[in-house]
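Generate the whole structure from the sequences, applying the supplied hints.
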Amino acid sequence: MVFMQDWEEEEKKTLTACETFVMKSVWNQEEDYNIQELVDAVNREYGRDYKRSTVVNFLIRLSDKGFVKIRHKGRMAFIHPLITEQEYTREMLKEQKRFWFQGKASHLVASLLEAEEIDKEERDVIRRMLNELDEDAD
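Numbering of the sequence shown is given in our numbering, commencing with residue 882 and proceeding in unit increments.
One or more of the hints may lead you astray.
To be verified - Straight line, CA to CA, 27 Å or less: simulated DSS-like cross-link-like pairs of lysine-lysine: (1) K975 <-> K985; (2) K975 <-> K905; (3) K894 <-> K946; (4) K975 <-> K894; (5) K932 <-> K905; (6) K932 <-> K950; (7) K1001 <-> K954; (8) K954 <-> K985; (9) K978 <-> K894; (10) K1001 <-> K978; (11) K894 <-> K950; (12) K894 <-> K985; (13) K950 <-> K975; (14) K954 <-> K978; (15) K975 <-> K946; (16) K932 <-> K946; (17) K978 <-> K932; (18) K905 <-> K946; (19) K905 <-> K950; (20) K932 <-> K954; (21) K954 <-> K975; (22) K905 <-> K894.
It should be emphasised that the hints constitute simulated quantities derived from the structure, not laboratory data.
As C-alpha cells, this is what we get:
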C-alpha cells in the first residue's frame, strides 16, 4: 500500500512528459540557459509551440521538485540543473526495474532485447560489459 506521504515524495522525483522536454533541453546545454533560449530550444528540439509563460510555469514546478535552480542576474533569469541527466535516468531505471520487473535486472534486459533488434556491434558491447562485471566480482 502506498501512503500519501510516499506518493507525494514519488511525485517530487518524477517528471511529467512536458517537464521532461524542458529538463532534456536543460541537460543538453553545457552552460546555463536564459529562459528565452530555453523556450527556443524546447520548441525547436521537440516540435512544441510553448510560450514563455508556459515554460516559466514548468520551471517553477521543476524548481519546487528540486531539479533546477533559477538564478536571476539583472533582468535575466538563468536555469541551472541541480541533478544530472545520468542521476535522473539511473533513479528512474531503478524504479522501473522495481515496479515492472520484480526488481530483477535480467527481466529488464530481457524486455529490452525483445523490444527491438540489437545489432552485432551492440551485442558485443553488452558482452564486454557483462565480462567486466564478472571480472570485477572475482
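(request) Would you check the hint for K954 and K985, treating anything up to 27 Å between C-alpha atoms as holding? (result) It is violated: about 47 Å lies between the C-alpha atoms, which goes past 27 Å.
(request) Quickly compare the C-alpha distance for K894 and K950 to 27 Å and report which way the hint goes. (result) Answer holds: K894 to K950 is near 15 Å, not above 27 Å.
(message) Check the hint pairing K954 with K978 against an upper bound of 27 Å on the C-alpha distance.
(response) With a Cα-Cα distance of about 41 Å, the restraint between K954 and K978 is violated, given a limit of 27 Å.
(message) Given the hinted pair K975 and K894, is their Cα-Cα distance within 27 Å?
(response) holds, 13 Å
(request) Would you mind confirming whether the straight-line C-alpha gap from K905 to K894 stays at or under 27 Å? (result) Holds, because 15 Å separates the two Cα atoms, which is no more than 27 Å.
(message) Between the alpha carbons of K905 and K946, is the straight-line distance 27 Å or under?
(response) holds, 15 Å
(message) Please verify whether K975 and K985 have alpha carbons no more than 27 Å apart.
(response) holds, 10 Å
(request) Would you mind confirming whether the straight-line C-alpha gap from K905 to K950 stays at or under 27 Å? (result) Judged against 27 Å, a Cα distance of about 15 Å means the pair holds.
(request) Please work out if K894 and K985 have their alpha carbons no farther apart than 27 Å. (result) holds, 22 Å
(message) Between the alpha carbons of K1001 and K978, is the straight-line distance 27 Å or under?
(response) Between K1001 and K978 the Cα gap is close to 25 Å, so the pair holds against 27 Å.
(message) Checking one constraint from the list: CA of K950 to CA of K975, max 27 Å. Satisfied?
(response) Within the cut-off at roughly 25 Å; holds.
(message) Please verify whether K975 and K905 have alpha carbons no more than 27 Å apart.
(response) Holds, at roughly 19 Å.
Checked against the numbered hints given earlier, this structure breaks hints 7, 8, 14, 17 and 21; the rest are met.
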